[in-house]
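Assembling the complex is the task here: the two chains are given apart, and the hints tell you how they should meet.
Residue numbers (our numbering), protein chains in the order written: chain A, 1 to 168; chain B, 1001 to 1227.
The following label-pair restraints were derived from C-beta to C-beta distances:
#1 B/Asn1137 <-> A/Glu67: 23 to 33 Å
#2 B/Ala1143 <-> A/Ala30: 35 to 45 Å
#3 B/Arg1087 <-> A/Gln82: 15 to 25 Å
#4 B/Val1191 <-> A/Trp95: 39 to 49 Å
#5 A/Thr86 <-> B/Val1191: 38 to 48 Å
#6 A/Arg46 <-> B/Arg1091: 42 to 52 Å
Selected chain B positions facing chain A (Cβ under 8 Å, derived; list incomplete):
#7 Leu1057
#8 Tyr1082
#9 Val1136
#10 Glu1156
#11 Leu1159
#12 Glu1174
If you are wondering where the hints come from, they were derived from the structure by calculation, not from laboratory data. Beta carbons: idealized from backbone N, C-alpha and C, even for Gly.
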Amino acid sequence: MNMNGRNEGSACREFEALLEDSLAGQLGDAEGERLSAHLSSCASCRQVLEEVRLSGQFVRLARQPAEDPGAGFTRRVMAAIQDEATRRALAWNFWRPIEVLALRLSMAATLALALLCGYGVMHSRFSTPAEVEMAGRPEVRELFPEPMHQPTTHDEVLMSIADKSHGK
Amino acid sequence: MANVPEHGAKQGPLAQAPARPRSQEQEGDERALVRRAQQGDPAAFEALVRQNQQRVLAVVSGTLRWREDVEDIAQQVFVKAYLSIKRFDMRSAFSTWLYKIAVNECWDYLRKKRVRPLLYEADLSEEQVRQLDAFVNTGRAPADASRRAELGEMVEQLLNQLSDEDRQILLLKEVEGFSVEEISEMLDLNVNTVKVRMFRARARLMRTYRQRFGETRRTRVAGKRGR
Chain A
1 MNMNGRNEGS
11 ACREFEALLE
21 DSLAGQLGDA
31 EGERLSAHLS
41 SCASCRQVLE
51 EVRLSGQFVR
61 LARQPAEDPG
71 AGFTRRVMAA
81 IQDEATRRAL
91 AWNFWRPIEV
101 LALRLSMAAT
111 LALALLCGYG
121 VMHSRFSTPA
131 EVEMAGRPEV
141 RELFPEPMHQ
151 PTTHDEVLMS
161 IADKSHGK
Chain B
1001 MANVPEHGAK
1011 QGPLAQAPAR
1021 PRSQEQEGDE
1031 RALVRRAQQG
1041 DPAAFEALVR
1051 QNQQRVLAVV
1061 SGTLRWREDV
1071 EDIAQQVFVK
1081 AYLSIKRFDM
1091 RSAFSTWLYK
1101 IAVNECWDYL
1111 RKKRVRPLLY
1121 EADLSEEQVR
1131 QLDAFVNTGR
1141 APADASRRAE
1151 LGEMVEQLLN
1161 QLSDEDRQIL
1171 LLKEVEGFSV
1181 EEISEMLDLN
1191 VNTVKVRMFR
1201 ARARLMRTYR
1211 QRFGETRRTR
1221 VAGKRGR
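So here's chain B without its partners, still in its complex pose (with noise of 0.2 Å):
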């Protein structure tokens, strides 16, 4: 199988979130904290909360850019479970109910802002396309933090050329650590349509990244010719 290359690099600054299995332990406690929030046992939810504040987190992380946002619609996410807790009939796992009103929490708040980001007119030094042709070429990412930084603004605008859907379940698995069963259930999505999403993003995001930075390539040689 020398033609199917293994999902590595796991380790370093630019590490996947582990996912988290859950054990029978775990979910037995989980549904007994349930079952006294839903009798209205602040204690309980409050435990909920300690629990799953970082998954939700993580799920709005995946679908929202803007930082200060993040933890507004978060809190709401958990006052909304809170409020219609005694309807959670526990046919699913509580994280995996929390994470659906996480995600529909998302887009309505996305539906009202509807800012389109900018499309991005590239304007980058000849260092910083030599720098990111030489991780996408090789793997490796510039040792110094600010680089990084730029670079990831770089790819920050390459993301936003994916649709909202397609950029927040390749942000989901690859940077939050979610497993495409998890992804499929918060998203109500077939685990197959998730997996040919995910790989059509990436082809889509890598194209992106092809065309734009070869053709800014291409200018300056061009540019440099004509001079």
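In isolation and in its complexed conformation, chain A is listed as follows (with noise of 0.2 Å):
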């Protein structure tokens, strides 16, 4: 690549878009006379708008433009549009009873849950004021005796190892 910005028999890339302007009779007048101003001082940017001005008829050599395909093609269309729409249809119709199936067990199985963790919730723990006086009892309270309460100070630990070794 070149100082102007260019591979070697390209054009200046600066260029570039208003070479394509030019091809297509499409320059303002300040852009002319701009791309001519280049144009005389770049032998690089001349021979290369040379090389493609009949590029256009060169590929029109090879292809010719689409022609409409008249009534028959809208036609087709219209059966292929109305056969996807009938297979879509179908499609629905089959998986739609399974899709409401579907749905109305998950909701049941939703409901259920809901239930079953509702339930656990209200006996998971002592609401009444009959359940509480119940705990306070002491036959109660000998089946279900309090926590060992901790050492907390020097002295409550000292007393603790001296009750742990006379076996109490």
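So, in structure tokens, the structure goes:
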């Protein structure tokens, strides 16, 4: 690549869009003058422009523009759309009852789970005064003793060691 | 501005398809048809198909080479458009939206098919080389249709040396007559980018021609001298 920002045998990058406009005959006056000034001093751009001048006709040697395919094509398109819509409707009719059943089952399962959770929450702790009073009875306390008090001071630690060594 | 040539020769067998500017009235009609089609009126969609089928075919032809596939892909474009027309928000012209679907459908098809064209090994008669040279130097195509078809096949092989995107841009502009602005919209590219890529594609095409057929000619001359 040289200092003008182009590869050898190519046009200057800065002027490529203008060169394309010039081929299409779409240059404004100011742009045309700017391009002409550049072309008068740039042999490479002149050469590339000359080379590509007939490229449009060259391409049109190979391809012809697409022609209107006519009413037959329109009919085929509408028939294909009808087929696709029918296919989708059939698929919908097949899957829809299964979808509805699956939806109902999932709603029933959600409801059952919610009821189960509610029942569990209600019975996981004492909630009535009778249940609290029952928990305070001596026979219940014997069955479910209070947890051991943990020593917190130096003296309590010594006392607990002494208790353990005397087999209390 | 003697150095700046005008793009000429738009008449005759090598004429470019004319670009069709759209009036406001046409756009208004199109919007009304789109609204009716969105409400499920098949007759309105059929009218939209009729209005746009030639241009959609042009977009597909500009991208795919195989003529037999072009109509199938164009048909698929309209089916897809019908199925998703409720999602079309009218921010662009309906035709632009259709062209974008067409471009995407073509690329999907090419990705699935993925057949690279065979590289061209030139085996031209001297007469063919002379005719192609005469055309490039003077712009005059042979009057004989079969000769023109032969040259067209050679140019097709040269076009296959370009990238898919560059070939598409060049064909949409030069053969199908889309404007640079339309091409930039359907390919989601900046207008300036389209111009630069188009100019480079032209330069690459002609450079490939010079290299390939220059080599063919040199080889022939060397072969004759060696005998």
